[in-house]
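Read off the chains here:
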Amino acid sequence: MAEVSVGKGLTKGIVKFLVILGAGFAALFVLKGVLAPPTADGYRFFPVIGSRDWIWVVAQTHLDFAAFVLGVPIFAVTMEFIGWRKGDPRLDRIAYDFAKLFTLAYTFTAFMGAVFLVSVPLLYPKFISYMMQILGYTWWIYLGVMLAEVVVCYLYFYSWKKLKDRKGLHVFLGGLLNFFGLLLLLITSIWVGFMTTPAGVSKTGALINRWATIHTHMWLPLTLHRFIANIVFGAGIAAAYAAFRFITSKTPEEKAYYDWMGYTSATISIGVSLLLPGVGYLLGVEIYSFNEQMGIQLMGGFFAWLWVMQAMLIGAILFFINYYLWISLHKMPGGERYYGQVKYLFIVVLLGYVIWITPHDIALSLSEARRIGAYHPVLGKLGVMAAKNTAVILSYLATFLSFSIFRMSNKEPVVPWAKAGRVLKALIITVSTGGVLFLGVLGYTVSAEVRVGVLSPIQFSLFFIAILALFLLDFFMYRGARIIGEPRWGQMPERSQYALIAITVTFTWLMGMLGYMRAGARQYWHVYGIMMNKAPDAYLPTAGVASIIVTITTLLFLLMVAFVFWSIMRLEKFSERRVTGQ
Amino acid sequence: MKKGVLKLALIVIVLNLVFVYIGLEYLPQSESKPPKTIVLKPGISQADLVAIGEKIVFGKGQCMVCHSEQPSTTERAPAMSTIGAEIAREAKARGIPPEQQLFEALVNPGAYVVKGFENIMPPANQPPTSLTDGEIIAVAAYLQSQGASVTVSYPGSVPLLKAQEQKAAQAGAYK
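Sequence lines, in order, name chains U and Z. Counting from 1, one number per residue, gives the positions in the first sequence under the numbering used here. Counting from 1001, one number per residue, gives the positions in the second sequence under the numbering used here.
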């Protein structure tokens, strides 16, 4: 890939983008003329599966790729920057590998984007016409920014070797790439924000205030949530790539490199995911402040059981990462000292999981509501947020401890206060766990307002303070520590890599499900409360149907990602052959 | 190598199958359909009004999203099982007819919020719920039936409801 000159690579990228976009517009133009006109309500129907499910699959697959290509450059350039400042070629290599991934994935993103571009105006012409009337100018800005993003992306990737002695300039290009990525995120969140929490229009949808149509309740918290989630997701895909390469590697050197890459990517993914509950909370607050009914419907109404599903999925991710870290102890000289301790962490994660997936009672009928009362008689005490928040936080704390044990397992502190440091560490863990538990129990005795507005933020803050304190304590305590032995990178059983793949699969499924819930919050509205969706499939399907579609999008996306991985390997082989002249 | 890749593909497929199985077999299967407008016949009996109102409260109206059936310490909105009696009590305390209290609560809920609760209720006659006059009267009948005697009727109560809607519009409650 990179042996192509900068000019040639750049031209290839721009031409590819323009061809896909041009084909999209041409298809739109031609199909508009060929297809029957829309119904009086403004709909055309996609054959067999219906318009809603078609758009659902296309949009989600496009969003998965978009999350990937916007997320990966953030930590690719971070790695490149750190590698440059530290003079570490391994970090530069991993950054380059990340760049390979997202540059190739751009083509798929653009392709799915073009399918989306053709499908929505054809199937929902009236809705799109309204959106264009209100926010049409943002769409043209979006196209301009997208083109700039493509130019900088290809420039960034193809100039990697040419600018190896001008790293500052190259890192700047990476920064510019992320700047455009952030702009794209801001623009797309304007559309979703307006559809879900509209503002700046009258009850009949007439434009009143243009800025208000942009600066909706959801806009910035959604952008922030997507920004963080994209990093988590992108790093997850990078970890899957590393796992794939580890399994297919033939030399110990390659295995060592991809083992390290998998570990680094998974650490970024899980580490950054710690921020998600916090930004998710901000998003929730904005949805509630826009419309309490929508907030409650989303959190405790029709979607309540999907939150139980979400708990299962995140709990599964925590299990996979803990499992990976526990296996990883085997490659750390000195890791055997901690084999006994991890079983207690397992118990904490398991208990947390059990509480987390305990459903709150959801009355589906009047008779059921009367029979059950306010809460389920047995599970009610565990099914409420007071218990769930506590369980989640303690599971995350246990996961952080797994990570901390792994990182320090091959070291022995030599600072004179090492013993006191260990006591302090135990104290931080005990106090933070006790504090989180105490606040959780206190949550049962206060109003929902105090629990959500005061106690939950204190619980999360306590958790963040605890992990920060533990991180800093480890940092100072293990400075100049005696190294028992270097990590034996590459000496990992294959099953450890399956755990990494499982994390990525679960993340992708989770993204699909949460994407559906976010869109479903609008119920039978194109623009909530302003423009009704009158199509025959404008209803929320059962959890089972939603699961099937999420599974289809997940498999479709992962199939395309597998193709990206395979293409990279093919291109590498091709480059090697060219270099060796075979 | 090939075996490893196959195992990997198998994990991807098995995990997806597990997730879809949970979604299909372990989660309750219900759809959320867009509501249909209920047209009331003039002179409909109060018993029928109450029955229709109950359907709306538990369906189209989405009232149970916030209101619980039984009173609890963590309730966001007054419990349904005693709401009729509560409305009558509040109306008496304010010195207004219970019907006025009832319709005001439904179409202009921010005008008077019962002590101990937040101003979170959206007007029932506005999007996204957009109940018709007849539907609101049916809901009012059901609410009254929960601990008080039913005094509203259709179309007899329409003028009183319209007056409350007008008052709300003038106060800017529907902006």
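Hints were generated in silico from the structure; no laboratory data involved. Keep in mind that this is a model prediction, so the values were computed, not measured. Careful, some of the hints might be misleading.
Here are the computed distance ranges between Cβ atoms for each label pair [claimed, not checked]: (1) U/437 to Z/1079: 49 to 55 Å; (2) Z/1042 to U/450: 47 to 53 Å; (3) U/461 to Z/1110: 49 to 55 Å; (4) Z/1036 to U/137: 36 to 42 Å; (5) Z/1119 to U/417: 40 to 46 Å; (6) Z/1163 to U/448: 33 to 39 Å; (7) U/143 to Z/1119: 53 to 59 Å; (8) Z/1117 to U/534: 53 to 59 Å.
Virtual Cβ for every residue (Gly too), placed ideally from N, Cα, C.
Verification of the hints:
1. With their beta carbons about 30 Å apart, residue 437 of chain U and residue 1079 of chain Z fall outside the hinted range of 49 to 55 Å.
2. At roughly 48 Å, the beta carbons of residue 1042 of chain Z and residue 450 of chain U sit within the given window of 47 to 53 Å.
3. Between residue 461 of chain U and residue 1110 of chain Z the beta carbon distance is about 33 Å. The supplied range of 49 to 55 Å is therefore violated.
4. As the Cβ distance of residue 1036 of chain Z to residue 137 of chain U is approximately 38 Å, the hint placing it in 36 to 42 Å holds.
5. Hint check: residue 1119 of chain Z to residue 417 of chain U, Cβ distance near 55 Å, so the stated range 40 to 46 Å is violated.
6. Taking 33 to 39 Å as the suggested C-beta distance range, the pair residue 1163 of chain Z and residue 448 of chain U conforms, at roughly 34 Å.
7. Restraint check, residue 143 of chain U to residue 1119 of chain Z: a C-beta distance of roughly 43 Å breaks the suggested window 53 to 59 Å.
8. Range check, residue 1117 of chain Z to residue 534 of chain U: Cβ separation about 35 Å, and the 53 to 59 Å hint is violated.
In the structure shown, a violation is registered for the earlier hints numbered 1, 3, 5, 7, 8, in ascending order.
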